[in-house]
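Produce the entire structure from the sequences given, and follow the hints as far as they go.
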Amino acid sequence: GQQLNQSPQSMFIQEGEDVSMNCTSSSIFNTWLWYKQEPGEGPVLLIALYKAGELTSNGRLTAQFGITRKDSFLNISASIPSDVGIYFCAGGGSNYKLTFGKGTLLTVNP
Amino acid sequence: DTAVSQTPKYLVTQMGNDKSIKCEQNLGHDTMYWYKQDSKKFLKIMFSYNNKELIINETVPNRFSPKSPDKAHLNLHINSLELGDSAVYFCASSQVVGTEAFFGQGTRLTVV
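Protein sequence lines, in the order shown, are assigned to chains G and V.
Last residue of the first sequence? That's 518 in this note's numbering, and every number before it is there in order.
Last residue of the second sequence? That's 117 in this note's numbering, and every number before it is there in order.
Bear in mind the hints are in silico, worked out from the structure with no lab data behind them.
Even glycine gets a Cβ: it sits at the ideal position worked out from N, Cα and C.
Be aware that a few hints might be false.
Derived coverage of chain G by chain V (criterion: at least 3 residues anywhere in the stretch with Cβ under 8 Å from a Cβ of chain V; other residues may be distant) [as the list claims (entries may be wrong)]:
1) 444-455
2) 497-506
Calculated cross-link-like contacts (lysine to aspartate or glutamate; reagent style EDC-like; alpha-carbon spacing at most 16 Å) [said to hold, decoys possible]:
3) G:K505 with V:E105
4) G:K505 with V:D35
5) V:K14 with G:E449
6) V:K24 with V:E87
7) V:K76 with V:D35
8) V:K46 with G:E446
9) G:K478 with G:E462
10) V:K57 with V:D35
11) V:K41 with V:D90
12) G:K510 with V:D43
13) V:K41 with V:E63
14) G:K459 with G:D479
15) V:K46 with G:E449
16) V:K46 with V:D90
17) V:K41 with G:E449
18) V:K72 with V:D35
19) V:K57 with V:E29
20) G:K459 with V:E105
21) V:K45 with V:D90
22) V:K57 with V:D75
23) V:K76 with V:D90
24) G:K505 with V:E63
25) G:K510 with G:E446
26) V:K45 with G:E446
27) V:K14 with V:E29
28) V:K41 with V:E87
Shown next, in the form of C-alpha cells:
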C-alpha cells in the first residue's frame, strides 16, 4: 500500500526559530494535508493542498505540494510555545484513502 | 457547536466485553471514517462510509463492526475485546472521500 515517510521524527527548538518538516512518498498523491495534534485532542487540519506546485500559507505556517506530487513540506516561522504538538502530513490518493505520515513531534523551549 | 463529536471520551473495560463508540457530525458531510491511533501515535484508517455505504474496510478483525444509521452518524461496535485493542479511536468526516477530514476528540479505549 501507499506509505509516507515523514521527517524529522522529532524536533527540539528555541522559541523564535523557524521549523521545517517534510513528507515523501514513492506514490503520487492528489491531495496533501497537514494536521496538528495536541495531547488529548484529535488532529486539527492546518493546510490543504490540491495542486502540484501549490504554495499555501496560514499565518506563520507555509506548506507546498511538491511538483512531482510525491512530496510536501511544512514550514513554521518564528515558533512560539503553543506550536508544541505532533504534526502529521497526509496524502489523498486515487484509492479514496488518506494515508498519514508517522508524525513530527515538535517541542519549543521558551 | 462541536463539528465531529464522539462518545465516550474514555472507556475502560475488561477483556472479552463488548463495547460501542458513537460518532455524530453536524457538518453535512457525506463521508465518515474510523481511525485507530496506536501508542506510537500512528494513525491508520479502519473504515470509511459514504452516504451510509461501506467503501473502505481495511484489514480489521471482524470483531469490529461499524454501523451508519444515517449520513450524520457512524458507530463502532467491538466484540470480545482484547488487550491489543487498547488505543485511541478517532471518528472523522469529510465532504468528499479521501479529502480534508475533520476529526473528533477521540475515544481512549483501555482493555484490562
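Here is what the structure says about each hint:
With 7 residues having a beta carbon nearer than 8 Å to a beta carbon of chain V, the region 444-455 of chain G meets the requirement of three or more and the stated coverage holds. Check result for the region 497-506 of chain G against chain V: holds, 7 residues qualifying (beta carbon to beta carbon below 8 Å, three or more required). Taking the CA atoms of K505 (chain G) and E105 (chain V), the gap is about 11 Å. The hint holds against a cut of 16 Å. Proximity of K505 (chain G) to D35 (chain V) is assessed by CA-CA distance (about 15 Å); at most 16 Å being required, the pair is judged to hold.
Distance restraint check for K14 (chain V) and E449 (chain G): the Cα-Cα separation of roughly 10 Å lies within the 16 Å cut-off, and the hinted pair is therefore satisfied. In summary, the hint linking K24 (chain V) to E87 (chain V) is supported, as the alpha carbons are separated by about 11 Å, within the 16 Å threshold. Of the supplied pair hints, the one linking K76 (chain V) and D35 (chain V) holds, its CA atoms being roughly 6 Å apart against a limit of 16 Å. For a cut-off of 16 Å, the pair hint linking K46 (chain V) to E446 (chain G) stands: about 11 Å separates their Cα positions.
Taking the CA atoms of K478 (chain G) and E462 (chain G), the gap is about 13 Å. The hint holds against a cut of 16 Å. Annotation: proposed proximity of K57 (chain V) to D35 (chain V) holds, straight-line Cα distance about 8 Å (limit 16 Å). For the given pair, K41 (chain V) sits about 9 Å from D90 (chain V) by alpha-carbon distance, which is consistent with the 16 Å threshold. Between the alpha carbons of K510 (chain G) and D43 (chain V) the distance comes to roughly 11 Å, so the proposed pair stays at or under 16 Å and holds.
Taken as a hint, the K41 (chain V) and E63 (chain V) pair is honoured in the structure, with Cα atoms around 11 Å apart against an allowance of 16 Å. A distance of roughly 12 Å separates the Cα atoms of K459 (chain G) and D479 (chain G); the hinted pair therefore holds under the 16 Å criterion. The hinted pair formed by K46 (chain V) and E449 (chain G) meets the criterion: a straight-line CA distance of about 12 Å does not exceed 16 Å. About 14 Å separates the Cα atoms of K46 (chain V) and D90 (chain V), which keeps this hinted pair within 16 Å; it holds.
A distance of roughly 14 Å separates the Cα atoms of K41 (chain V) and E449 (chain G); the hinted pair therefore holds under the 16 Å criterion. Restraint check for K72 (chain V) and D35 (chain V): the C-alpha separation of about 15 Å stays at or below 16 Å, so the hint holds. Taken as a hint, the K57 (chain V) and E29 (chain V) pair is honoured in the structure, with Cα atoms around 13 Å apart against an allowance of 16 Å. Annotation: proposed proximity of K459 (chain G) to E105 (chain V) holds, straight-line Cα distance about 14 Å (limit 16 Å).
The hinted pair formed by K45 (chain V) and D90 (chain V) meets the criterion: a straight-line CA distance of about 14 Å does not exceed 16 Å. Note on K57 (chain V) and D75 (chain V): the hinted pairing holds, with a Cα-Cα distance of about 6 Å set against a maximum of 16 Å. For the hint pairing K76 (chain V) with D90 (chain V), the CA-to-CA distance comes to about 26 Å; that exceeds 16 Å, so the pair is violated. Taken as a hint, the K505 (chain G) and E63 (chain V) pair is honoured in the structure, with Cα atoms around 10 Å apart against an allowance of 16 Å.
Between K510 (chain G) and E446 (chain G) the alpha-carbon distance is near 15 Å, which keeps this suggested pair within the 16 Å criterion. Taken as a hint, the K45 (chain V) and E446 (chain G) pair is honoured in the structure, with Cα atoms around 14 Å apart against an allowance of 16 Å. This hinted pair checks out: K14 (chain V) and E29 (chain V) have alpha carbons roughly 13 Å apart, not beyond 16 Å. Under the criterion of a C-alpha separation no larger than 16 Å, the hint pairing K41 (chain V) with E87 (chain V) is consistent with the structure, at around 15 Å.
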